[in-house]
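Here the protein sequences line up with chains L and Y, keeping their order. Mind the numbering: the first sequence is residues 230 to 298 in the working numbering, read in order. Mind the numbering: the second sequence is residues 242 to 816 in the working numbering, read in order.
No lab work stands behind these hints, which were simulated from the structure alone. It should be emphasised that the depicted structure is a prediction, and the values quoted were computed from it without experimental measurement. Check each hint, because a few of them may be wrong.
EDC-like mimics (lysine to aspartate or glutamate), calculated; alpha carbons at most 16 angstroms apart, straight line [said to hold, decoys possible]:
{"id": "1", "chain 1": "Y", "residue 1": "Lys516", "chain 2": "Y", "residue 2": "Asp485"}
{"id": "2", "chain 1": "L", "residue 1": "Lys260", "chain 2": "Y", "residue 2": "Glu416"}
{"id": "3", "chain 1": "Y", "residue 1": "Lys713", "chain 2": "Y", "residue 2": "Asp735"}
{"id": "4", "chain 1": "Y", "residue 1": "Lys366", "chain 2": "Y", "residue 2": "Glu443"}
{"id": "5", "chain 1": "L", "residue 1": "Lys260", "chain 2": "Y", "residue 2": "Glu426"}
{"id": "6", "chain 1": "L", "residue 1": "Lys237", "chain 2": "L", "residue 2": "Glu261"}
{"id": "7", "chain 1": "L", "residue 1": "Lys264", "chain 2": "Y", "residue 2": "Asp444"}
{"id": "8", "chain 1": "Y", "residue 1": "Lys400", "chain 2": "Y", "residue 2": "Asp289"}
{"id": "9", "chain 1": "Y", "residue 1": "Lys411", "chain 2": "Y", "residue 2": "Asp518"}
{"id": "10", "chain 1": "L", "residue 1": "Lys277", "chain 2": "L", "residue 2": "Asp233"}
{"id": "11", "chain 1": "L", "residue 1": "Lys260", "chain 2": "L", "residue 2": "Glu248"}
{"id": "12", "chain 1": "Y", "residue 1": "Lys501", "chain 2": "Y", "residue 2": "Asp511"}
{"id": "13", "chain 1": "Y", "residue 1": "Lys322", "chain 2": "Y", "residue 2": "Glu293"}
{"id": "14", "chain 1": "Y", "residue 1": "Lys322", "chain 2": "Y", "residue 2": "Glu349"}
{"id": "15", "chain 1": "Y", "residue 1": "Lys245", "chain 2": "Y", "residue 2": "Asp281"}
{"id": "16", "chain 1": "L", "residue 1": "Lys260", "chain 2": "Y", "residue 2": "Glu420"}
{"id": "17", "chain 1": "L", "residue 1": "Lys277", "chain 2": "Y", "residue 2": "Glu443"}
{"id": "18", "chain 1": "L", "residue 1": "Lys277", "chain 2": "L", "residue 2": "Glu261"}
{"id": "19", "chain 1": "Y", "residue 1": "Lys601", "chain 2": "Y", "residue 2": "Glu787"}
{"id": "20", "chain 1": "Y", "residue 1": "Lys245", "chain 2": "Y", "residue 2": "Asp289"}
{"id": "21", "chain 1": "L", "residue 1": "Lys277", "chain 2": "Y", "residue 2": "Asp444"}
{"id": "22", "chain 1": "Y", "residue 1": "Lys318", "chain 2": "Y", "residue 2": "Glu337"}
{"id": "23", "chain 1": "Y", "residue 1": "Lys369", "chain 2": "Y", "residue 2": "Glu426"}
{"id": "24", "chain 1": "L", "residue 1": "Lys258", "chain 2": "Y", "residue 2": "Glu416"}
{"id": "25", "chain 1": "Y", "residue 1": "Lys520", "chain 2": "Y", "residue 2": "Asp480"}
{"id": "26", "chain 1": "L", "residue 1": "Lys260", "chain 2": "Y", "residue 2": "Glu337"}
{"id": "27", "chain 1": "L", "residue 1": "Lys264", "chain 2": "L", "residue 2": "Asp233"}
{"id": "28", "chain 1": "L", "residue 1": "Lys264", "chain 2": "Y", "residue 2": "Glu443"}
{"id": "29", "chain 1": "Y", "residue 1": "Lys493", "chain 2": "Y", "residue 2": "Glu472"}
{"id": "30", "chain 1": "L", "residue 1": "Lys277", "chain 2": "Y", "residue 2": "Glu440"}
{"id": "31", "chain 1": "L", "residue 1": "Lys258", "chain 2": "Y", "residue 2": "Glu420"}
{"id": "32", "chain 1": "L", "residue 1": "Lys277", "chain 2": "Y", "residue 2": "Glu337"}
{"id": "33", "chain 1": "Y", "residue 1": "Lys244", "chain 2": "Y", "residue 2": "Asp289"}
{"id": "34", "chain 1": "L", "residue 1": "Lys292", "chain 2": "L", "residue 2": "Asp233"}
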Amino acid sequence: MKSDHKGKIIEVLGGSNLETKLESMGLYKGKEITKLSHIGLRGPVVIKAGRSILALGHGVAAKVIVSSE
Amino acid sequence: MIKKIYLLGNPNVGKSVVFSRLTGVQVVSSNYPGTTVGIDSGYLTLKDGRIEVVDLPGTYSLEPSSKAEEVAVSLLKEHPKNEMVVINIVDSTNLERNLLLTIQLIEEGFPVVMCLNMSDEAAHKGVKVDPVKLSGILHIPVVPTCAITGVGIKSLIEKISDAAQISRKKLSNQERWVEIGNIVESVQTLEHRHHTLRELLEDASVRPISGLLMAGAVIYSAFKLVRFLGESIINNITDPIFIDLYRPFLEKLTEYWQEKGFWFHLLIGDLINGKIDFKQSLGVLTTAPYIEFGMVLPYIISFYLILSLLEDIGYLPRLAVLLDNVLHRLGLHGYAIIPMLLGFGCNVPGILSTRVLESKRERFIASTLISIGVPCVPLQAMIFGLLGMFGGIYVAGVYLVLFSIILILGIILNSAIPGYSPEFLLEIPPYRFPPILVLVKKLYYRVKGFLIEAVPVVLVGVMVINILIYFKLFDYITGFFAPIVHNLFGLPKDAIAALVIGFLRKDVAVGMLMPLGLSAKQLFISAVLLAISFPCVATFFIIWKELGLKSLLKSTAIMIGISIIVGSLLNLLIW
Numbered sequence: 230m231k232s233d234h235k236g237k238i239i240e241v242l243g244g245s246n247l248e249t250k251l252e253s254m255g256l257y258k259g260k261e262i263t264k265l266s267h268i269g270l271r272g273p274v275v276i277k278a279g280r281s282i283l284a285l286g287h288g289v290a291a292k293v294i295v296s297s298e
Numbered sequence: 242m243i244k245k246i247y248l249l250g251n252p253n254v255g256k257s258v259v260f261s262r263l264t265g266v267q268v269v270s271s272n273y274p275g276t277t278v279g280i281d282s283g284y285l286t287l288k289d290g291r292i293e294v295v296d297l298p299g300t301y302s303l304e305p306s307s308k309a310e311e312v313a314v315s316l317l318k319e320h321p322k323n324e325m326v327v328i329n330i331v332d333s334t335n336l337e338r339n340l341l342l343t344i345q346l347i348e349e350g351f352p353v354v355m356c357l358n359m360s361d362e363a364a365h366k367g368v369k370v371d372p373v374k375l376s377g378i379l380h381i382p383v384v385p386t387c388a389i390t391g392v393g394i395k396s397l398i399e400k401i402s403d404a405a406q407i408s409r410k411k412l413s414n415q416e417r418w419v420e421i422g423n424i425v426e427s428v429q430t431l432e433h434r435h436h437t438l439r440e441l442l443e444d445a446s447v448r449p450i451s452g453l454l455m456a457g458a459v460i461y462s463a464f465k466l467v468r469f470l471g472e473s474i475i476n477n478i479t480d481p482i483f484i485d486l487y488r489p490f491l492e493k494l495t496e497y498w499q500e501k502g503f504w505f506h507l508l509i510g511d512l513i514n515g516k517i518d519f520k521q522s523l524g525v526l527t528t529a530p531y532i533e534f535g536m537v538l539p540y541i542i543s544f545y546l547i548l549s550l551l552e553d554i555g556y557l558p559r560l561a562v563l564l565d566n567v568l569h570r571l572g573l574h575g576y577a578i579i580p581m582l583l584g585f586g587c588n589v590p591g592i593l594s595t596r597v598l599e600s601k602r603e604r605f606i607a608s609t610l611i612s613i614g615v616p617c618v619p620l621q622a623m624i625f626g627l628l629g630m631f632g633g634i635y636v637a638g639v640y641l642v643l644f645s646i647i648l649i650l651g652i653i654l655n656s657a658i659p660g661y662s663p664e665f666l667l668e669i670p671p672y673r674f675p676p677i678l679v680l681v682k683k684l685y686y687r688v689k690g691f692l693i694e695a696v697p698v699v700l701v702g703v704m705v706i707n708i709l710i711y712f713k714l715f716d717y718i719t720g721f722f723a724p725i726v727h728n729l730f731g732l733p734k735d736a737i738a739a740l741v742i743g744f745l746r747k748d749v750a751v752g753m754l755m756p757l758g759l760s761a762k763q764l765f766i767s768a769v770l771l772a773i774s775f776p777c778v779a780t781f782f783i784i785w786k787e788l789g790l791k792s793l794l795k796s797t798a799i800m801i802g803i804s805i806i807v808g809s810l811l812n813l814l815i816w
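Turn these sequences into a full structure, and let the hints steer you where they fit.
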């Protein structure tokens, strides 16, 4: 997914623990998000979901499957 | 009958500000998630009498995912539900995300009052939430507030007794979000606003190139400002007071002192060229107050002023995002930068705030790195005061050595300790501009905390040292350690006493080095050793309390090992 593009969360891989945690922060299946930036060298991905801005570590971001528009 | 009131809400919604408003107890609040890692409690007087109010660490849900969240949730479940009220503090600018916790609380049968905080900011951003409608849908009292200015707090207090348990069907998270979507749809209206300069800056600070440039500029100017402010206070305020007012007074006093025996030695110390020298006399009335008020306090004020400003603006989480990939190599993640920065003020709050990190492994690595590689303000102030006269290069050298130690040790610990570094997941707050009064209050609170903790220890410490010197008791210790310190580190045997005292307080230890007339190289090595060897006793106990005896012993073994290696290396490498 490219910076400044929108997409919808389809699935969260890697166990229900991570899924619950993301869910409680507002990243649930079907939620529309916008990717803002990605810090290089396996750094975090910054996204906007609703009115929150969230930073996801590289490993977490890799587990969030998004359908890009 | 209400016996307890708990404040609960998502991270960074202003729980601590509401707490201070309700109880009058001043606690530190900042603009980043995870400021409160412990429990604060105070009292509120209602018509039923005094009720305990407890400020809990922020949590996104009742299913905790960090130590601090665990603390919050377990405490909440300790008390019978019919004897308490939960004030659920909600960020009005981000209603949707906050409602999950609210719904969970209602489902679990807690009596809830909702405090719709930051209503002024919401209005400013074009977000309108209808409290009456929201209250009607959720069947709980809803009060809009702006805690930082105090608006709405009075009606919040009035509504506390209206809270009641209600029964509500338990849903899955997925179902809750669907319902929340519907609620938000009906109570919130959005007005379109154009992008502001603030939003542009918010955005630029988390993009790779512009973000790193901004981070470099912010860190550099923060460091320069701390030094500039600290030095200005010393040159214009504290030094004139000590030298022009306090010294003549002490000198009058000593004129009447015919016999220069034990008490003279204890209170005034040694005269240097027949005069009192605040840096070298080492007396309870001379050097002790000078170290604390004349050398350390100015930097405490300037450091916490700048730190508080960065905290309240909301810059620190952005720094965490940018540094995540570096810290990942050390077995930590980006958020560990916040405990580390707090550690620069004093290691104790730094180590306490490692509670925001998820695993014990991370907390151990972070605490060890802080206690070894992060010098606290008292130590830094003394390093400026002492090494500064040999040139800035020595001061910069100390930081460079410490920084390298953090990197190398972190990489080693990360590969040596089994486990993995957890992933980073953080909400980034908007930039906010704190009212000056709020900033001043926070600074006052932190400086007061420093004075209460430091001054007695320093006075007693200098007294004990003088007694030990007077009766020549240090000779036993120094005789034992002299070969190591002399052969490996190239330091005179008198420096040993200072290194030992470093365990008590770092600033006093550097104070003891001052009269020794060490060379620049020797001072440099002593300063580094003081920073990395045993942390002061307060830090020692906090590691014990937070991580247990086993971790403390491991951490200590690492410290001793590193001190010997680094001390010897520096002695060999520098001429």
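Against the structure, the hints:
1. Pair hint Lys516 of chain Y plus Asp485 of chain Y holds up; C-alpha atoms about 14 angstroms apart against a cutoff of 16 angstroms.
2. At most 16 angstroms may separate the alpha-carbon atoms for a hinted pair to count; Lys260 of chain L and Glu416 of chain Y meet this at roughly 13 angstroms.
3. Straight-line distance between C-alpha atoms of Lys713 of chain Y and Asp735 of chain Y comes to about 12 angstroms, which keeps the hinted pair within the 16 angstroms bound.
4. A distance of roughly 15 angstroms separates the Cα atoms of Lys366 of chain Y and Glu443 of chain Y; the hinted pair therefore holds under the 16 angstroms criterion.
5. Taken as a hint, the Lys260 of chain L and Glu426 of chain Y pair is honoured in the structure, with Cα atoms around 15 angstroms apart against an allowance of 16 angstroms.
6. Our distance criterion of 16 angstroms between C-alpha atoms is met by Lys237 of chain L and Glu261 of chain L, whose separation comes to about 4 angstroms.
7. Distance check on the hinted pair: Lys264 of chain L and Asp444 of chain Y sit about 12 angstroms apart at the alpha-carbon level, within 16 angstroms; holds.
8. With a CA separation close to 14 angstroms, the supplied pair Lys400 of chain Y and Asp289 of chain Y stays within the 16 angstroms bound.
9. The hinted pair formed by Lys411 of chain Y and Asp518 of chain Y fails the criterion: a straight-line CA distance of about 72 angstroms is larger than 16 angstroms.
10. For the proposed pair Lys277 of chain L and Asp233 of chain L, the alpha carbon gap of about 10 angstroms is at most 16 angstroms, so the pair holds.
11. Of the supplied pair hints, the one linking Lys260 of chain L and Glu248 of chain L holds, its CA atoms being roughly 13 angstroms apart against a limit of 16 angstroms.
12. For the hint pairing Lys501 of chain Y with Asp511 of chain Y, the CA-to-CA distance comes to about 10 angstroms; that is within 16 angstroms, so the pair holds.
13. With a CA separation close to 15 angstroms, the supplied pair Lys322 of chain Y and Glu293 of chain Y stays within the 16 angstroms bound.
14. A threshold of 16 angstroms between alpha carbons decides the hint, and for Lys322 of chain Y with Glu349 of chain Y the separation of about 9 angstroms falls inside it, so the pair holds.
15. The straight-line distance between the Cα atoms of Lys245 of chain Y and Asp281 of chain Y is roughly 13 angstroms, inside the 16 angstroms bound, and the hint therefore holds.
16. Of the pairs offered as hints, the one joining Lys260 of chain L and Glu420 of chain Y holds, with about 14 angstroms between alpha carbons and a cut-off of 16 angstroms not exceeded.
17. Between Lys277 of chain L and Glu443 of chain Y, the direct Cα distance comes to roughly 12 angstroms. Compliance with the 16 angstroms bound is thereby established for this hinted pair.
18. For the given pair, Lys277 of chain L sits about 9 angstroms from Glu261 of chain L by alpha-carbon distance, which is consistent with the 16 angstroms threshold.
19. For the hint linking Lys601 of chain Y to Glu787 of chain Y, the alpha-carbon distance of about 10 angstroms falls within 16 angstroms, and the restraint holds.
20. With a C-alpha separation of about 12 angstroms, the suggested pair Lys245 of chain Y and Asp289 of chain Y falls inside the 16 angstroms cut-off, and the hint holds.
21. A C-alpha spacing of about 11 angstroms is found between Lys277 of chain L and Asp444 of chain Y, which places the hinted pair at or below 16 angstroms, so the restraint holds.
22. Of the pairs offered as hints, the one joining Lys318 of chain Y and Glu337 of chain Y is violated, with about 25 angstroms between alpha carbons and a cut-off of 16 angstroms exceeded.
23. For the suggested pair Lys369 of chain Y and Glu426 of chain Y, the alpha carbons sit about 11 angstroms apart, so the restraint of at most 16 angstroms is met.
24. In summary, the hint linking Lys258 of chain L to Glu416 of chain Y is supported, as the alpha carbons are separated by about 11 angstroms, within the 16 angstroms threshold.
25. The suggested pairing of Lys520 of chain Y with Asp480 of chain Y holds, with an alpha-carbon distance near 12 angstroms, which does not exceed 16 angstroms.
26. Our distance criterion of 16 angstroms between C-alpha atoms is met by Lys260 of chain L and Glu337 of chain Y, whose separation comes to about 12 angstroms.
27. Between Lys264 of chain L and Asp233 of chain L, the direct Cα distance comes to roughly 5 angstroms. Compliance with the 16 angstroms bound is thereby established for this hinted pair.
28. The suggested pairing of Lys264 of chain L with Glu443 of chain Y holds, with an alpha-carbon distance near 14 angstroms, which does not exceed 16 angstroms.
29. Taken as a hint, the Lys493 of chain Y and Glu472 of chain Y pair is broken in the structure, with Cα atoms around 29 angstroms apart against an allowance of 16 angstroms.
30. Restraint check: the Cα-Cα separation between Lys277 of chain L and Glu440 of chain Y comes to about 13 angstroms, which is no more than 16 angstroms; the hinted pair holds.
31. Straight-line distance between C-alpha atoms of Lys258 of chain L and Glu420 of chain Y comes to about 14 angstroms, which keeps the hinted pair within the 16 angstroms bound.
32. Of the supplied pair hints, the one linking Lys277 of chain L and Glu337 of chain Y holds, its CA atoms being roughly 13 angstroms apart against a limit of 16 angstroms.
33. At most 16 angstroms may separate the alpha-carbon atoms for a hinted pair to count; Lys244 of chain Y and Asp289 of chain Y meet this at roughly 9 angstroms.
34. Simply put, Lys292 of chain L and Asp233 of chain L have alpha-carbon atoms about 19 angstroms apart, too far for the 16 angstroms limit, and the pair is violated.
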